[in-house]
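Asks: Here are the chains, one letter per residue:
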Amino acid sequence: MLKNLKLAAVLTIFCLISAGALAYVYNLTRPMIAANSALSFKRSMGEVISADSFTPGSQGCYLARKGKETVGYVFPVNPAGYGGAIEMMVSLDKGGKVIAVKIISNKETPGLGTNILNPKFLKQFSGKSVGDKIKAKEDIDAVTGATISSNGVCKGVRQALELFGKVKP
Amino acid sequence: MKLLTELNRGLVGENPVLRLMIGLCPALAVSTSAINAIGMGAATSFVLIFSNLVVAAIRKFVPDQIRIPIFIIIISTFVTIIDYVMQAYTPELHKSLGVFIPLIVVNCIILGRAEAFAYKNPVLNSVFDGIGMSLGFTMALLSIGSVREILGAGSLFGYPLFNQLAAATVMILPPGAFITIGFLMALLNKVENRVQ
Numbered sequence: 001m002l003k004n005l006k007l008a009a010v011l012t013i014f015c016l017i018s019a020g021a022l023a024y025v026y027n028l029t030r031p032m033i034a035a036n037s038a039l040s041f042k043r044s045m046g047e048v049i050s051a052d053s054f055t056p057g058s059q060g061c062y063l064a065r066k067g068k069e070t071v072g073y074v075f076p077v078n079p080a081g082y083g084g085a086i087e088m089m090v091s092l093d094k095g096g097k098v099i100a101v102k103i104i105s106n107k108e109t110p111g112l113g114t115n116i117l118n119p120k121f122l123k124q125f126s127g128k129s130v131g132d133k134i135k136a137k138e139d140i141d142a143v144t145g146a147t148i149s150s151n152g153v154c155k156g157v158r159q160a161l162e163l164f165g166k167v168k169p
Numbered sequence: 001m002k003l004l005t006e007l008n009r010g011l012v013g014e015n016p017v018l019r020l021m022i023g024l025c026p027a028l029a030v031s032t033s034a035i036n037a038i039g040m041g042a043a044t045s046f047v048l049i050f051s052n053l054v055v056a057a058i059r060k061f062v063p064d065q066i067r068i069p070i071f072i073i074i075i076s077t078f079v080t081i082i083d084y085v086m087q088a089y090t091p092e093l094h095k096s097l098g099v100f101i102p103l104i105v106v107n108c109i110i111l112g113r114a115e116a117f118a119y120k121n122p123v124l125n126s127v128f129d130g131i132g133m134s135l136g137f138t139m140a141l142l143s144i145g146s147v148r149e150i151l152g153a154g155s156l157f158g159y160p161l162f163n164q165l166a167a168a169t170v171m172i173l174p175p176g177a178f179i180t181i182g183f184l185m186a187l188l189n190k191v192e193n194r195v196q
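These protein sequences, in sequence, are chains S and Z. Take 1 as the starting number for the first sequence in UniProt numbering and just add one per residue. Take 1 as the starting number for the second sequence in UniProt numbering and just add one per residue.
Read the hints as simulated data drawn from the structure, not as lab findings. Bear in mind that the values here come from a model prediction, so they are computed numbers and not experimental data. We put the CB at the ideal spot given by N, CA and C, even for glycine. Honestly, I wouldn't trust all of these hints.
Part of the chain Z face toward chain S, derived, beta carbon under 10 angstroms [claimed, not checked]:
{"no.": "1", "residue": "46"}
{"no.": "2", "residue": "66"}
{"no.": "3", "residue": "74"}
{"no.": "4", "residue": "80"}
{"no.": "5", "residue": "81"}
{"no.": "6", "residue": "96"}
{"no.": "7", "residue": "100"}
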C-alpha cells in the first residue's frame, strides 16, 4: 500500500515539473505564434483580393480598402468537407460577385479531395453571385472522385454570398 | 575513447533507420524533400538528446515499475516544447511537417534509447549516444529526402536542378520512399562488406 503511494507520488512530481516547464514555454512562445498566424491570415487575404489594408466588418467579414475606399469584402468560412472543416476565404467585389476563392487548410483525402486546391477547380467560382446555383455537378465541375469535398467548397462560397447579403441589406 | 564509441554506434553500425529499421514512419512520410528531412531530423534530435540526458540524470530516482510512464512524460514534454518553438520561429516548416511533429512522442527510437541505453548509463555517455543516434537518423533522412527530391521534383533544397517535366512524381509519393530506403540499405551493406 505504502509502496503504491510512493509510486503515485513520484509520478505526480514528474507531471508537475512537466506541466510547469510547458506553461513557461507556452507563455514565452504564445505572442509569436499569435503574430505568425495573424500575419499569414493577412497574407492569405492579400492573395484573394488586392488591397492596401483590411478592417474587420460585420458578419465576420473583412473590408478590403484601397486608401479610404472599400474595394471588396473577404469572408473567412469553414464549411464541412469529407474529412473535417475546410478552412477557406472567399473575396467578393462591391457588387457581390466572387473574385477568388482560397483554401487555407483542409483535411480531405490526399490525392483525391486535396485536388480542391487545384486552381482550375477554384477558378470556376469567379464571377458567381448570389443568384447562381453553385452546386457541384450542376454549374460547377466537381473534382474527380471527390464530390463531397467539392460540395463543401460550394457550400462555403454560398455561405459567403449569404453573409454578404446580411452585410449590405 | 569510450564516448567516441557511443557516438559512432548510431551513425553506421546501429543506424536507427537503415540498420535497426526503427522510426521508419516519420522517416518515410516526411522525407519528401531535403528541407523537410533536415527539419524533422533537427526536431527529433532535440527531443532524443534531451530525453537521454534527463532520463540518465534521474535514473537513480525512478522506480522500475513506473519507468515507462515517466519516460513518456519526459519525451512528450520535450516534443511539446519543440512544437511550440517551431510554431513560433519556423511556422512554414512546422506547417509542412504537420502532424509528424507531435508524433515524435511515439517515435520508437527515442523511447528505445531511453529504455535500452540512458536508463542504464551515465549522463555524458547517454548524451553522446543521443547525439550519435540523432546524427544517424538525420543523415538517413537527409539522404532519403535528397534522393526523392532530386528524382521526384527535379530540385534540391528547393533549387531547381533540371526540367521538372522529366521528374518521376512517384518518388515524392509513398512508393518512392520505400524504393529509396531499399536501395540505401543495400548500398550501406555493400559499403560495409567492402570495408571488412
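Asks: Quick one: which hint numbers does this structure break? Sort them smallest to largest.
Replies: 1, 6 and 7
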